[in-house]
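Chains as they are written, first to last, in this note's numbering: chain W, 1 to 304; chain V, 1 to 358; chain H, 1 to 256.
No lab work stands behind these hints, which were simulated from the structure alone. Yeah, the Cβ is synthetic: ideal placement off N, Cα and C, and Gly gets one too. Be aware that one or more of the hints could be misleading.
What the hints assert, rightly or not - Covered stretches of chain W (in silico footprint by chain V; criterion: 3 or more residues with CB under 8 Å from a CB of chain V, positions within the stretch not fixed): (1) 201–210; (2) 216–223.
To be verified - Derived pair list, reagent style DSBU-like, types lysine-lysine, alpha-carbon separation capped at 35 Å: (3) K218/W / K96/H; (4) K197/H / K82/H; (5) K82/H / K218/W; (6) K218/W / K130/V; (7) K197/H / K72/W.
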Amino acid sequence: MTVGGPRRASGATGNVTGASGATGNVTGASRATGNVTFRNRISGLPAPWWVYLIAAVGVTVIVLPPLALVLKTPWDTFIEQVTSQSSRDALRLSLQTAAATTVLCVLLGVPMAVVFSRHDGLLVRVIRSLVLLPLVLPPVVGGLALLYTFGRLGILGGPMREAGIDIAFTTTAVILAQTFVALPFMVISVEGALRTAGTRYEDVAATLGASPTRVLWKVTVPLVAPSVLAGLVLSFARALGEFGATITFAGNAPGVTQTAPLAIYVAAIDDPQQAIPMSLLLVLISLIVVVGVHSRRRRGVSRG
Amino acid sequence: MADLVVDIQNTVPPLRIENRFAAGSTTAVVGPNGSGKTTLLRVLAGLVPGDDDSRIALGDQVFRDRTTVVPAYRRGVAMLSQDAGLFPHLSVRSNVAFAPSAQHLSRAEVTSRVDRWMAATGIAELADRKPGQLSGGQAQRVAIARALAAQPRILLLDEPFRALDVDVAGRLRALLRTILADRSRITVMVTHDLVDAVTLADEILVIESGRVAESGPTTDVLTSPASRFTATLSGLNLFVGTADETAGVCDDAGHRVGGTAGGAVTPGERAAAAFSPRAVAIYLHAAAGSPRTMLPGTVVDVAPRGEHALVRCDVGGQSVAAEVTWAAVADLALTAGLAVELVVKAADVRVYGLAAGA
Amino acid sequence: MKKLGAVLAATALLTVAGCSSDDGDDASPGTTQPGPVTLNVSAAASLKNTFTAIAGEFEKQHDGVSVALSFDGSSTLVNQIKQGAPADVFASADEKNMNKLGDQATDPKIFATNTLVIVTAPGNPKGIASFADLNKEGVTTVVCQSAQPCGNATGTVEANTGVTIKAASEEQSVTAVLTKVTTGQADAGLVYVTDAKAAGDKVATVDDPAFADVVNKYPIATVSGAANDALGKEFIELVTGAEGQKILGDAGFGKP
């Protein structure tokens with residue numbers, strides 16, 4: 001089994017995955033919103049000059065590769081390659097699965113965040129660590145683990161197969177793989193906000209006669225809506241860029257499981273030039289995502 | 001309407017409180033910091049369960065006993081804290097409507113309740129604002145409206161005016177006084193403020209180290225010479241009697257303390273004059289001078305207070321204390337049993353109408 | 001701060017340790033190295049067992065030389081070489097991929113041939129009897145991605161027979177396909193006869209007349225500009241010589 005492929009096929013989505021927690025990647029956004037000039041300085045005192053120098057190096061390391069892609073793009077065949085059948089299939093599949101994954105992340109992640117934020121016992125702390133595992137696990141390892149859970153010979157997959165449910169090699173498997181890696185982002189984002197908000201509003205609501213369910217819907221969740229949104233965006237971006245777990249668990253079949261990162265990988269093996277147009281498209285989508293998160297934070301959506 | 005009978009035991013923080021809160025009454029809960037006052041409220045609210053030996057019952061309905069813990073949202077309590085705690089994502093109107101909606105009332109009923117209580121608290125024109133756009137006093141008004149819109153059987157107040165300016169607090173206190181006058185609920189109010197206790201509460205509960213140190217009608221407890229707590233609360237003298245036409249308080253024997261009204265005072269109603277011991281001068285004989293207030297009293301004892309002396313006197317059965325220098329004590333030979341005249345300048349006296357049962 | 005310093009120091013140490021464990025193969029082209037020499041050989045995945053054996057032979061015959069083998073889909077390897085991977089010798093599973101190297105491949109020679117075969121779980125539980133049967137209801141088939149030689153061959157068979165396989169997945173190397181079948185993830189896969197032979201009784205094989213017409217010729221060549229040109233040529237001689245050919249033949253490869 002070939003595992004020699006890149007962990008993430010496109011530069012910018014990789015950055016979002018690498019960032020810690022819900023903060024996203026500010027350097028990517030600063031490129032999109034223009035240079036940070038000294039006129040835009042927030043506080044009076046400038047940082048020491050050598051800090052700017054080191055920062056410039058760091059920025060170059062991240063910004064140069066996507067720039068290189070832009071410069072090396074074969075613009076004459078760009079449109080044709082990006083609109084080819086396999087490209088369209090891959091993009092459509094990527095967007096659909098990432099969207100489905102995001103919905104799953106909200107439905108599963110918010111309740112998890114609520115539970116984790118309300119309890120501090122040993123059991124909860126252990127479970128939380130396990131839930132955050134996909135953040136640091138190599139995606140391929142995640143894919144393997146999924147294979148041995150839901151694959152034909154997996155602990156759940158075996159019995160499921162007896163029942164006639166076969167997940168491996170299906171689009172469902174893609175969604176599972178993406179959810180596995182994207183869910184922690186949602187949980188972290190929302191749990192942090194819930195802990196900060198504390199329970200005072202829930203107490204007040206209870207004394208005003210609201211049942212626990214009503215408190216959740218009318219008070220708890222609306223108060224952390226901004227963090228749910230941030231988590232949503234991050235989960236979407238992570239799901240979109242997922243490669244290792246997908247190719248290991250879901251397989252690689254055009255139109256069914258060949259998402260954009262996989263299609264790029266396959267194209268890159270054949271002829272790297274062919275892979276660039278689609279890569280550029282993913283960079284663009286990722287950039288939109290990052291700018292979207294960052295500008296929401298700037299607009300001062302304060303709670304959570 | 002039923003009485004609220006409680007026998008609360010809690011381990012952390014330690015609390016051991018037995019009391020009967022009469023139907024329609026308002027009880028002030030006072031005590032040193034950390035004595036358990038807020039915990040008491042939280043146990044009554046149902047936010048803290050208390051130990052299994054606790055028993056809380058409102059008439060026939062048991063809120064807490066060995067086998068039951070009724071959760072907060074089913075007790076018909078509403079709680080108001082010193083920070084208004086308005087839901088930041090809802091408008092003022094939606095905040096006030098929160099409790100009626102939670103009771104699954106029809107939309108018409110919700111609207112009528114909301115309108116009624118917003119009118120009663122004078123916030124109708126703030127209806128569409130968000131909590132972030134309100135001043136402290138406005139927010140607390142909304143909080144009051146929100147709590148009352150729940151039409152709770154038990155209203156719990158935790159130092160509601162502490163964070164407000166004096167004049168804003170005064171206005172809100174007067175508002176609450178009007179509202180509580182209908183006596184349609186049991187109110188328990190934690191406060192550090194003598195004025196809160198005196199103007200709003202029929203009964204007062206003094207809590208020290210998690211236990212009830214004293215309890216009884218407000219003025220009895222606050223004016224009784226034996227009470228240690230009067231000093232802790234505010235160190236003020238309380239002279240109780242009937243308000244007269246000119247913002248003065250007369251006791252049954254005709255002794256009068258003149259002052260300025262702190263809030264609306266109706267002539268003829270029971271009232272108390274509050275003044276610091278430092279505003280009291282001791283004379284051995286009645287003297288002619290500008291102060292209109294001269295009270296004949298008998299020295300009860302002389303105790304140290306800081307660098308000075310606190311001379312406690314009995315005026316017609318009420319305790320009035322004066323803070324004077326030790327030199328003065330020696331000069332005037334102040335000892336127990338000595339007859340003296342106490343002079344109080346009206347400018348230093350505030351007169352308050354009392355709560356009905358106080 | 002003390003803790004931070006300790007962590008930074010540890011990271012620095014690890015980095016230095018990683019850098020210093022070099023295997024000495026970064027010499028400029030053309031120079032001979034004193035001390036142990038590493039010959040880098042990139043070979044198609046289907047050559048894994050055979051080339052490992054041949055490399056062992058080569059090391060026995062050449063004192064102080066160690067052969068570093070890199071196995072992957074031929075197309076993947078071509079890309080790596082083009083982007084500058086340090087390969088001295090390249091063995092591809094078809095000529096198409098060798099041709100992609102163009103002038104970089106010096107004097108390619110065909111050293112073996114291979115044909116496709118179907119592998120299934122032992123006992124062939126799904127009863128697959130032909131190429132067309134791979135499309136049967138309820139059969140999960142995996143094939144190689146079309147850029148790889150095995151995938152290319154599959155495509156040719158599809159064109160010849162007019163049957164297009166509905167593959168559940170397209171893998172990057174023939175080894176990956178075989179693994180999916182031997183681990184039970186897929187019911188059937190298209191691999192080379194040599195892979196089927198190597199898998200022994202872990203799989204059952206099914207032949208089809210169409211396979212015989214599609215023969216992959218395996219070329220081998222030295223990579224120009226690589227460090228060990230002469231040594232590379234000697235390796236090729238071993239592969240094309242009697243010993244190499246015997247090893248290849250025993251594995252099931254056809255004669256060049």
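Problem set entry | Unmet hints by their number, sorted upward, for this structure | Numbers 3, 5, 7 - these are the hints that the structure violates, sorted from lowest upward.
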